[in-house]
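Asker: Line by line, the protein sequences give chains A and B.
The numbering of the first sequence is my numbering, which starts it at 1 and goes up by one.
The numbering of the second sequence is my numbering, which starts it at 1 and goes up by one.
Calculated directly from the structure, the hints in this document are not laboratory data.
Because the structure is a prediction, the values reported are computed rather than measured.
Glycine residues also receive a C-beta, built at the ideal position from the N, C-alpha and C atoms.
Just to be clear, a hint being listed does not mean it is correct.
Stated by the list, open to error - In silico lysine to any residue, SDA-like type, Cα no more than 25 Å apart, as pairs:
id	chain 1	residue 1	chain 2	residue 2
1	A	K101	A	Y46
2	A	K3	B	Q44
3	A	K69	B	G58
4	B	K57	A	N94
5	A	K3	B	P61
6	A	K101	B	S51
7	A	K3	B	Y10
8	A	K101	B	L83
9	A	K101	B	N59
10	B	K57	A	Q38
As the list claims (entries may be wrong) - Chain B is faced by these chain A residues, among others (derived, beta-carbon under 8 Å):
id	residue
11	G43
12	P44
13	Y46
14	A83
15	Y87
16	N94
17	Y95
18	L97
19	F99
20	K101
21	G102
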Amino acid sequence: DAKTTQPNSMESNEEEPVHLPCNHSTISGTDYIHWYRQLPSQGPEYVIHGLTSNVNNRMASLAIAEDRKSSTLILHRATLRDAAVYYCTQGGSNYKLTFGKGTLLTVNP
Amino acid sequence: KAGVTQTPRYLIKTRGQQVTLSCSPISGHRSVSWYQQTPGQGLQFLFEYFSETQRNKGNFPGRFSGRQFSNSRSEMNVSTLELGDSALYLCASSLWTASSTDTQYFGPGTRLTVL
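Pulled out of the complex, with its shape left as it was, chain B reads as follows (with noise of 0.2 Å):
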């Protein structure tokens, strides 16, 4: 089975600008949820998507914004870009929900850097 994919790889981007990260969860994974990564400040929640709903969100400001489509894919967006903005952004994919008993699986990330 495929693991969870997310794209592009690698961007660079400019303040001001916005952008728009993918991520495909593993097939028949109904719950997807989203990660910033930075060395300050370790792991942290940005959003969980399940059936096209949004059933929980993380401290981060209204630019971050996100949505899942009928197949489960789901795109985050970054509007008004950030120096602060630059980091690795995980997506995770569980059958059912983010917490409790399933087990997350998470894609190799997209590097988002912001000059």
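Chain A extracted, bound-state conformation (with noise of 0.2 Å):
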């Protein structure tokens, strides 16, 4: 099975950025990175996924390294409505994501 690693957790203060890190050590050259996070109490929702290239959508950025081996979810300021579990993942044609055991990030006021 694919396989994602993340820290535990990490923190941040409110309206800085933050940088969230993810291994994909068994990463496919046709694997699309994505990443999504898990309020409390709520299934996980969409962030952002990508191939190759960085990614930029109204939520996050994403950067994918150039060996695709490790990518960074972005946040550029981070508010308290950011606090989740942010999951990396990748998937490519096994009809499958297969989910780690996240990030939970805490966002300090």
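Got two chains here, each in a separate frame; can you build the complex from them with the hints?
Answerer: What follows is the structure, encoded as structure tokens:
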């Protein structure tokens, strides 16, 4: 199974940038990198995804290493509402996304 | 557009019983995936369906089964419940596939407690 590795937890201050890292040790050339987050008492929600190039959307930016063995989710200005568990995952043509344990992000006011 | 809905939201069963959980995907979505989430194991993939066909299955015993109907609605069934089956069961839908370029949209989950 595809495997990703993330830190168990990270802490940030409100309105500061946050860089959440992920290692994709078993990623294949056609796997997309996805990030999801799960707010307390909710199902996961999509954040961003990409293949090779860095990606931006209204929620975050995704930086993908040249060898694609690592990615970084960037929240440009963390808010209290960004406190959640963040999951990186990767998926290709096998119709499944394998989630790791995720990173619990705490945002301090 | 309505999101992914799951019913029931909460369920309490006793060991040995069976349970059926339901998932209605976003209109137009044809892929439905199921996940089990527990504090110890995190989010684990159960299976994925597309056009009534199971395309992939996670590493779970045969007590866990599922199906998808022609309108893309899906059900999962757990027979002979064990205490360890207590978990949040999440359903997610996407247009075509649970991986690659598609985005998955998750429902709120069904919280199953086995006593």
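Asker: Hints the structure violates: just list their numbers, smallest first.
Answerer: Hints 6, 7 and 14 contradicted; others consistent.
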